[in-house]
Amino acid sequence: MTNLIRGLVSFGVASLAVAFLLARALPREAAASLGYLVGLFAFLIGVGGLAAFQHWLKDKEEEQVHGWQRYFRFTTDHKVIGVQYLVTSLVVFVLAGVMALVIRVELAKPGLQFLSYDTYNTVMGIHGIGMIVVALIAIIGGLGNFSVPLMIGTKDMAFPRLNALSFWILPPAVLLLLSSLVTGGFDFGWTAYPPLSVRGPLGKLFFVLAFISVGFSSIFGGVNFVATISQLRAKGMSLFKMPIFVWSILAAGIIIVLATSVVASALLMILFDRVLGTTFFDPSQGGNVLLYQHLFWFYSHPAVYIMILPAFGVILELLPVYARKPLFAYRLAALSFVAIVVLSFVVWAHHLFTSGMWDALSIPFMVTTELISVPTGVVFLSALGTLWLGKLQLKTPMLFALGFLVNFLIGGLTGIFNADVPTDLHLQDTWFVVAHFHFTIMGGAIFAWFAGIYHWFPKITGKMYNETLGKIHFWLLLIGFNATFIPMFWLGTRGMRRRVADFPPDLASVQLWISLVGLMVVLAVAVFLFNMIRSWVKGESAPSNPWEARTLEWNP
Amino acid sequence: MEQKTTPVLKGGSDPNGIRGLPPYLIIAGLTVLCSIGLFSVVSHVRMMPEAASYEATWVDQAFDGLLKLTIPIFSLVLMTLLFSVVRFRTRPGRPHEEGVRFDRSRGEFVEVLWIAISLVLTVGLAAFGAKEFRLIRGTDQADVDIQVNSSQWSWEFFYPSYNQYASSLILPEGKRVRLLLTSKDVVHSFWVPEFRVKQDALPGKVVKLLFTPSKTGTYQLLCAELCGTEHTIMTARVNVVDAKAFEATMKEESWEGR
Ligand SMILES: [Cu+2]
Ligand SMILES: [Cu+2]
Chain A
1 MTNLIRGLVS FGVASLAVAF LLARALPREA AASLGYLVGL FAFLIGVGGL
51 AAFQHWLKDK EEEQVHGWQR YFRFTTDHKV IGVQYLVTSL VVFVLAGVMA
101 LVIRVELAKP GLQFLSYDTY NTVMGIHGIG MIVVALIAII GGLGNFSVPL
151 MIGTKDMAFP RLNALSFWIL PPAVLLLLSS LVTGGFDFGW TAYPPLSVRG
201 PLGKLFFVLA FISVGFSSIF GGVNFVATIS QLRAKGMSLF KMPIFVWSIL
251 AAGIIIVLAT SVVASALLMI LFDRVLGTTF FDPSQGGNVL LYQHLFWFYS
301 HPAVYIMILP AFGVILELLP VYARKPLFAY RLAALSFVAI VVLSFVVWAH
351 HLFTSGMWDA LSIPFMVTTE LISVPTGVVF LSALGTLWLG KLQLKTPMLF
401 ALGFLVNFLI GGLTGIFNAD VPTDLHLQDT WFVVAHFHFT IMGGAIFAWF
451 AGIYHWFPKI TGKMYNETLG KIHFWLLLIG FNATFIPMFW LGTRGMRRRV
501 ADFPPDLASV QLWISLVGLM VVLAVAVFLF NMIRSWVKGE SAPSNPWEAR
551 TLEWNP
Chain B
1001 MEQKTTPVLK GGSDPNGIRG LPPYLIIAGL TVLCSIGLFS VVSHVRMMPE
1051 AASYEATWVD QAFDGLLKLT IPIFSLVLMT LLFSVVRFRT RPGRPHEEGV
1101 RFDRSRGEFV EVLWIAISLV LTVGLAAFGA KEFRLIRGTD QADVDIQVNS
1151 SQWSWEFFYP SYNQYASSLI LPEGKRVRLL LTSKDVVHSF WVPEFRVKQD
1201 ALPGKVVKLL FTPSKTGTYQ LLCAELCGTE HTIMTARVNV VDAKAFEATM
1251 KEESWEGR
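Which chain is which? The protein sequence lines are A and B, in order.
Going by my numbering, the first residue of the first sequence is number 1, and it counts up by one from there.
Going by my numbering, the first residue of the second sequence is number 1001, and it counts up by one from there.
These are calculated hints, taken from the structure and not from any lab test.
Nothing false has been slipped in among the hints.
Where chain A lies over chain B, by a calculated footprint (3+ residues, C-beta under 8 Å):
no.	stretch
1	1133–1145
2	1183–1197
3	1225–1236
The C-beta atom is built at its ideal place from N, Cα and C for all residues, glycine as well.
Chain B on its own, in the form it takes in the complex (with noise of 0.2 Å):
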């Protein structure tokens, strides 16, 4: 077996391209039109829920981030993928031939430059990825302190400064507020999909979690970790008043009272 060794990837009368034009032409080109299709796909759909939290907000904005990262790449790697196919099939019957393939030196010229790429979009995700993760952690300061109990299957909430209980989460909007949960027997998780923020309660320990609710409404708490035969239907009611509704309701001697 002989091995041709031609360079390639040269610009002009390339003859690997299509109709006179080069192939990493024909590739960006259709990488850009790939790309503009699947941004047009995701804005359509609406992937996320309403945002109701500010941590909602930088959360989507590191889910926009990673679009915008993921989208270009993956339109890239398919839309090479698909000239290669289409440029370098044989058609059955055809005798065979064989590839042709690089020479080692700009064989290597490439590994080097495609290792280098993504080492760098690698470091940079992940340097984004914690800052992102340390704005929507916050400061550990809150207006509001709230023990949330979980058990199978039910979200029991009590708030220590108005001793009250209840068993519908009331959140004042605008108002920093400090979860406590803690679990009387096996492991559940707080979501809420408008907050974004999910945090697991654990049995024997009191797990932290601060956000602050930006909009008034009504949404589900959603218990996210599998924990027994109703994990389906744990979940509970989450309002979020305005601050004075807030205030009124907590002070209301009978409300849900025990």
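Next comes chain A alone, as it looks inside the complex (with noise of 0.2 Å):
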């Protein structure tokens, strides 16, 4: 604990002081960034990012911490980094679900309830981007983490520094995100298009640093699991005999490390914009707004593959194990997964149907998206064989790998309006999209990432979980999710925009049902987290192979 403490102490004094002292000979906007930077080294510093550098230099074997205590501190193991990531999160999965109800109490009623316009640009921006975060990093930083390593029958991950860097980068970045709010905020959402970004206060800065960091973490643990599949696996694991979670990983690594370099790029380009005066953006200089879009969704639309296709990895391992039989295609799964990273470089423009783009673009856009439903079926084809004459036990993990499934199909069909370019013409920015992506990311990732904690929880913890709280938890969320969100769609197609802070009388009444029902969301996660807790502190002792599973994490 006191080397998180010393890490935040040390961020927040350098950050300031540095930030401070240049404002005076520097502009604003540089002297911030650079005491975001110094902040940033400072923190890594304050959290023992130094001491593991000495070991390395000395070639000594890094001090052993064990305890609690471990897990908060700069450490390689990547058992620890993964409950690190596991933890962190959960706590912004929390901050950005507390946006959301606040978000939800300002919609209960029509007209302006106790937020500003500005306020509640600002919230909505942060729910966005911290979500965007936790699906980012949930399953991959933190199940990917731990298990992958175990699966593949390897020590720690390739470069294990690398893994605790990639980690630690975020605290700060959250921190500064969140630091937003009293700076003025942000009013662009999670996109930050130029030109509104290009120009305002200090809190957009912020939000681009905060990116930009973000980006950075994700590469470093994206090469770091491209390194530690292709190169650490036990002999005689070829590719076609590696679980279907370390497949979901490795692509999932590929698209990572091509794709976010390209919009740091473009984020750049806006911190350049501001703070060096150059013009990428700027249309009377030259510049070009829609550059910034086509950079920002050839990352961003790959990147909901990034969330979705551990997700998939996650699903497709844990229903095996819970219908007691073999994976059905599992050699059609794994290469499904390697097109849909080939195809999703090819479909960002879909974001942009009616952006001003060149009409005859649209076409083959809608084409390629279009066609990642064919490897996306085959996710489902692969889950509908396996449990058809399985004999299935429908333990919490379990529960939620189907719910997974019933909420991506409503996903991933509801996405097919958005591909479609004449009915995109009418849903694009609705709310049509916002009840599609929460389907998808909110319905697939977190429900996988949930299925994923209850199975890996006697693994990581040695305790087990409570199985009846595990239940309520699914039930009321399943239930939640879909009262709460199903009712979206409408709201979009009858002509609810996104990002407004007020809508017409005539959609109050459906406004008010899903801020009510919205709540049994807040309580099935009170009831998760309370599970953890609990069963952590003074659950049952678990068997070394509770499910019998056959993967080789679960080897004593």
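Assemble the dimeric complex from its two separately framed chains, guided by the hints.
This is the structure:
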């Protein structure tokens, strides 16, 4: 704990001191950027990053810390880092969830209740980017770090120190993002389209810096997974003997490595426009605002597969365990992950059908986007084929896996309405889109995350979770989630725009319903957190392989 | 661990059915029921607002077409899932049993069939989408040109052939209009839900949007691209009037004139 506190204090002191000192000589934004950069390094040193490098230089073994203290310092053990990612994801999930609650209170009635337009925009933006970060790191960073090395029979990741670095970049980035609440906020959602993002308060700069930091963290993680999975597999584990979860992490890792630098460069261009006075996105100086949208979505569409491929992996890994039979169409499922990686790079402009892009481009991008439904369909084939004639054990992880299938079915099919150019002309930037991506990300990735947490909980903690509480969590969440988000499709088609703080009175009853029934989701998450904490502290000890799974991580 | 290879999914006396009914018959029946239920729900709740342009009828037709495609697929997958959960679940406390896997050739047959069907559906879907999109965009000819100038956070309209400025959009019924959209500052987006078509307005660029209003009435123009503080209230009134009234209003010297 001391390490974490030391890190946080160093971050605060160093960044503020440098920023205020430099502000005398430099423009405000440049001073703030450099302050953050120095603060980031101070944080890394504070949590013990320097010590790790000294050990490396002197070729010494890292000192072993046991007990709960090890979770609060810079360590290279992949299991510890996995837990750090899991807990951090949960913290950000709760924070961004609180933002969702604030939004729902504001939208319970027509008219402005208690937020100003600017605060609403910032709260909505923090909810968005916060949940994006959760979806990006929860499964790969958490479950991937913990399980992948064990599943392929290696001692640790290929680059353990890089692994720790990629995790410890996140806390300062999250703090920076939250501090935008008191530095003017940001009013561009999570997409930061210029010219809007190039002008305005310091809060926008903080968003851009935080986004770039998360990008770096993500790239470090992605490189590490690709290297580990391609180089460090146990003897005899050929590609087509890898567990399907490992396949999914490899696929997601490849997307991260290839795509993230593109969005990072787009955000750097915004940073340069703001801080250095370049004019990449200033049309009056020959800049081009659509360029940003292309670069942004060239990453941000594949990014949804960074979120959802590991979710597919978790689900297809778990179904065979709880259906007591091997995965159906394993080879085809693995190949479909590869197909998704390839296709994900040629669909980005489906976000630009109404943007003013050349119309003739819309058709090919519609075709490629709809083609992704073929490999995605394979995941369903694989799942249904595994369930068929199985002996299903409806434990909590299995329930979440089944819930995933239902939600993602809705999310995937409604995606067709957005991919189809004629209907997208109407649906783009409405709540139909909001409902669609909550079904894929929350109903999909987050459900899969919960499934994986319950499944690996005995392995991670050595304790069993409470099955009854787990089932209560599942049913509350499944019903609450669907009751909350299904009406949003209707709101969207009726004319409810995205990212607005108010709505016409004829939509009021549905909005109130959503605000009320959304509380079920809050309750479900509370039950989950209670179960996790209680079971970890005083749950009964778990047998070494409670689910009789066949993958390597359960070997004693 | 031993894996049995049992042929499955034979009709007649399939041991996996319920009460003598074979599984595929049960799933088919449930799928039909579920589809009928969902179709009646979506027609009851009226998904779309009133259609007030010719393009809107094309969009609505595309939307209905997609419902006809996705509702049966949704029902089929969901009912197969439900059937499997009900039929193949084990009671807690029973001794562990292993599931039965498909034999190789049957499995591969199902895989190929699944891919073939989804490919055909996807290609058909895209072809329909492309055709409808061409119908919506139509020709480049228009009866009336209107410049739409957006800025944080208001709309302004200029009718070049009448030399008229306006703060609300007035449109002739049944005449094809060409909007020339642009922005003074950040990205905005022109959207009237009743017209369905949506188009961003970009700074430093003029983007065209052509459509034909088909129903007189008052509607609301909404900015659909997040554009800062007052994005929520960046709206304007839209009046569709018959062609005669449109000409008359345009020729009124003092009409909101500047
Ligand atoms: Cu996309
Ligand atoms: Cu606007």
